[in-house]
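Number of protein chains: 2
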Amino acid sequence: MTLNHGHDPCNPETIQLAKMSGSFKSWVFGLNPSKVLHLVYKLMRSRSLKHVQTKTIKPLWFFQPLGTRDYNPKQMAIREKVFNTVVACFKRHGAETIDTPVFELKETLTGKYGEDSKLIYDLKDQGGELLSLRYDLTVPFARYLAMNKITNIKRYHIAKVYRRDNPSMTRGRYREFYQCDFDIAGQYDAMIPDAECLKIVHEILSELELGDFRIKVNDRRILDGMFAACGVPDDKFRTICSTVDKLDKMSWEDVKNEMVNEKGLSEQAADLIGEFVSMQGGRDLAERLLQNPRLSQNKLACSGLSDVKLLFSYLELFQVTDKVVFDLSLARGLDYYTGLIYEAVLTQAGLSGDTLNGAEDSVSVGSVAGGGRYDGLVGMFDPKGRKVPCVGVSFGIERIFTIMEQKAESSADKVRTTEVQVLVASAQKNLLEERLKLVTDLWKAGIKAEVMYKKNPKLLSQLQHCEESGIPLVAILGEQELKDGVVKLRVVATREEVDFSRADLIREIRRRTSEA
Amino acid sequence: MTLNHGHDPCNPETIQLAKMSGSFKSWVFGLNPSKVLHLVYKLMRSRSLKHVQTKTIKPLWFFQPLGTRDYNPKQMAIREKVFNTVVACFKRHGAETIDTPVFELKETLTGKYGEDSKLIYDLKDQGGELLSLRYDLTVPFARYLAMNKITNIKRYHIAKVYRRDNPSMTRGRYREFYQCDFDIAGQYDAMIPDAECLKIVHEILSELELGDFRIKVNDRRILDGMFAACGVPDDKFRTICSTVDKLDKMSWEDVKNEMVNEKGLSEQAADLIGEFVSMQGGRDLAERLLQNPRLSQNKLACSGLSDVKLLFSYLELFQVTDKVVFDLSLARGLDYYTGLIYEAVLTQAGLSGDTLNGAEDSVSVGSVAGGGRYDGLVGMFDPKGRKVPCVGVSFGIERIFTIMEQKAESSADKVRTTEVQVLVASAQKNLLEERLKLVTDLWKAGIKAEVMYKKNPKLLSQLQHCEESGIPLVAILGEQELKDGVVKLRVVATREEVDFSRADLIREIRRRTSEA
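Going line by line, the protein sequences match chains B and S.
End of the first sequence = 516 in the numbering used here, gap-free, step of one.
End of the second sequence = 1032 in the numbering used here, gap-free, step of one.
For the record, the hints were derived by calculation from the structure and aren't laboratory data.
Among the clues, some could well be false.
Not everything, but these chain S residues come out facing chain B in the computed CB check (under 10 Å) [claimed, not checked]:
hint : residue
1    : Met592
2    : His609
3    : Arg754
4    : Leu788
5    : Phe792
6    : Val793
7    : Leu939
For glycine and all other residues, C-beta sits at the position ideal for the given N, C-alpha and C.
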């Protein structure tokens, strides 16, 4: 299968690429932008022309795989902040952490992802095993539990996953992206761990201050019961479920059309589904549906509805019902869910990429977390089929980074990318040795310190380096200071300068940087 | 190319696999271990038999790619500690951090790794670009610099890299493993950034307390000058260099044999090389070699030797000469080095894997860090060939983990895998709602807290959970406490119990856990 890239000249990805190209930009935008970009983009990505030596293009487009990105130091500083918030929450809820390899045996991933399986990256057969890059962290987690015969664990896992999807960088959709997963495995009483997962979503999205959000919940058993009650044949449950899942991106008319004309469902069944999937509410909706003549006859639907009711009672105790909506249109694409499912969406319009892509974004601001219960997955890896019930949530952190980056851009505060507390500088020539000796003392004392890698740097350029990278202090050595056995400590912000003995210097640096 | 796995029945990997298999172990070791293992191992890894349903074997061997490992929570706790030490050192030296994708365009990696290129993992051609998993972090760094036209940066990068090498788990050699890289890019005065890299190796290896170590240094220019002086033809420099690099694993006789019989070098040239590569020393050796009649006529060798001399003068100021050895046998395998090269080895015998593999380990305890100067690499990615001089070091952290794990195993201290401060427990039935309310309050106050996911857990099993996972405090709710409006706080270690009001409880938990 060849993915069809660059078919749209106004594709934000295409424009993004153009924006990245400094030298190329002016030339391109002098002409008809969309046409030229379309052409260039196609040319770049066509294998046969890969070795065309067009100097203006080569350094940008040919260097990085499509749909991936480097993180520069500023982005890393933001990423670290987001991870710290997420990890702090996971730890507050008592989770351990594990790690698994970036690739799995191909068969480990087979039959777990439904229609999305086509997006899995395979490794080349170089002799040995057939391997694939992980598609999520859930299947590796289940494999880990089965392999180690673990029946109880609460763990988080933060790592990159891989999907050969059509990337859109401005919307935070990449082919390589981080997931932050939190899962609870074990045989417990109904809905208690499930409720904690939703509590965690609520805490993290609130703390990150991304704007208002909703957490939609539904249950696979309710969906299946609903499909049965609406007259969907058993063997069409999964595929109709996939179509319902598109309701956040497509109108009901288009979804119905796919059900009837592509998937061969009767129009009557589709219309019945249409009634249900328009329903939203809270605990009250679950209670009402338990009385619904169609659903109440279906055992699966009833147990799902009772559990949703129970869930809401726990969510009230966790004080998170303000953001949670029971939404019958929520389906989730993956095959492995067996019970409760949920998805968090940011509801504030205009958060990201709107300048390029407003129309599309107004339909769906986008999901930033999702998950559910998967009680059968671990058993698929156990030779005796022993089940380990699991529930978990995954944060699609890339989109969150995109929003945080935009916030940092528009903020007045400068993002520091190092933590250097003091630059060891010299006021005259031939003092490299003295600078190296002093910085060695500072490092030994655990102080974050730098010297410039020049024999004889100018004092001005040393001070400029501090201004640029936000270093708050300069320890200046001159001939006079050496004679007096002191070091001049300069505060960059105020230009205040005081001489200190070597012993006092370290104390003073500590004092000043712990204050900050 | 097919890698030849499992050819050795006493291979530590094979035995390691056997040790991992609980159920299988007893059966295997009842028979002749090496023969059975050999057979089973071969059977498992042969593609054609992959789907054999042997229940005793399947859950262990078929589940994880060869040469990779999962990290369990205990290993992750140790890993976090190591990373914290490494990152703290990098930050102390003023480094920023970046990240790059796990795969690069295949052509990005082509021609950078010499004979090791055969170990690169390629992705399957699924339409689109040809991709490979990164082999190290240095080439992606150079690509990043060229692509973003960066001429000055001091950055660290901690990430996994991939090599289709013959794995040996007991010796900490994997196909997926972490590297911790620190590099300084920019046009600076000679040997100042180079010396800081060695200072960092010294600091990190000292702080991790891995036992005694040596940092060997040499210079590619000295090697090339030496090859020229010994009569090695120009076009054989790189391949002879690769052979010299094997001196840490092979005897001089075997190395000479490879030079003469495989690579077609004259015996006379090989013997001359043999004299040089046996030399070790410090600044004095550099000074002596500058007077050597053969070497002193070679310009390259002289500039290398002068720089090594200068390097040692900086290393003295950095107070690290106790561990640094100028060693003419150090060659390093990679193609891209242009100047100074170095490698840190642990010199303490018997650190790892010796029970299984003593003979091999006594030859080389193993390199834990390596690096050097690569002034030409960035230019290979720049359309105009603009060079950015770079020097850096990479820590092979997997081997360090192995040692730290062994230290943790033999230590009496239990490694905690969560940071939970308090378990919210109940003394009677029907108090789930009260527990959920209280834990919500604690989370809100930023306290790391848990409840057991049962409606009516027994108090004893709640207390046992604390003992097992090292949770220091229990907040106990009972009917009497609820009536009195208090919570009983129990200290797990001392069994001391005191009642607190809700407001005081949080303060008391904070006080007790900040003390710990």
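Hint-by-hint comparison with the structure:
no.	hint	result
1	Met592	5 Å, holds
2	His609	7 Å, holds
3	Arg754	24 Å, violated
4	Leu788	37 Å, violated
5	Phe792	31 Å, violated
6	Val793	31 Å, violated
7	Leu939	9 Å, holds
Going through the hint list in order, the structure does not satisfy hints 3, 4, 5, 6.
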